[in-house]
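Visitor: Hey, can you work out the whole structure from these sequences and the hints?
When we follow the working numbering, the leftmost residue of the sequence shown carries the number 67, and every step to the right adds one.
One should not assume that every hint holds.
As the list claims (entries may be wrong) - For each label pair, taking beta carbons as the anchor points, the in silico distance ranges come out as:
(1) ALA74 / SER104: 16 to 24 Å
(2) SER104 / GLU70: 24 to 32 Å
(3) MET67 / ALA99: 17 to 25 Å
(4) ASN101 / LEU69: 16 to 24 Å
(5) GLU70 / ARG103: 25 to 33 Å
(6) SER104 / LYS68: 30 to 38 Å
(7) LEU69 / TYR102: 14 to 22 Å
(8) ARG103 / LYS68: 29 to 37 Å
(9) ARG103 / ALA74: 12 to 20 Å
Honestly, the hints are just simulated from the structure, not real lab data.
For clarity, every value in this text was computed on a predicted model and none was experimentally measured.
Beta carbons are placed, not taken as given, at the ideal position from N, Cα and C, and that holds for glycine.
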Amino acid sequence: MKLEGRNALVTGASRGIGRGCAIEMAKAGANVAINYRS
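Guide: Printed below as a string of structure tokens:
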């Protein structure tokens, strides 16, 4: 899936599924903003 020029906001991106989704979206060309609690 090509996401070039698209924006994505991923919550829970510090680990697990959220992190994996953020990485894959970035690889597909999306501008990714991440959010997490520590």
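Visitor: Decide, hint by hint, whether the structure agrees.
Guide: Against the structure, the hints:
no.	hint	result
1	ALA74 / SER104: 16 to 24 Å	holds, 21 Å
2	SER104 / GLU70: 24 to 32 Å	holds, 31 Å
3	MET67 / ALA99: 17 to 25 Å	holds, 19 Å
4	ASN101 / LEU69: 16 to 24 Å	holds, 18 Å
5	GLU70 / ARG103: 25 to 33 Å	holds, 30 Å
6	SER104 / LYS68: 30 to 38 Å	holds, 32 Å
7	LEU69 / TYR102: 14 to 22 Å	holds, 21 Å
8	ARG103 / LYS68: 29 to 37 Å	holds, 31 Å
9	ARG103 / ALA74: 12 to 20 Å	holds, 19 Å
In the structure shown, no violation is registered for any of the earlier numbered hints.
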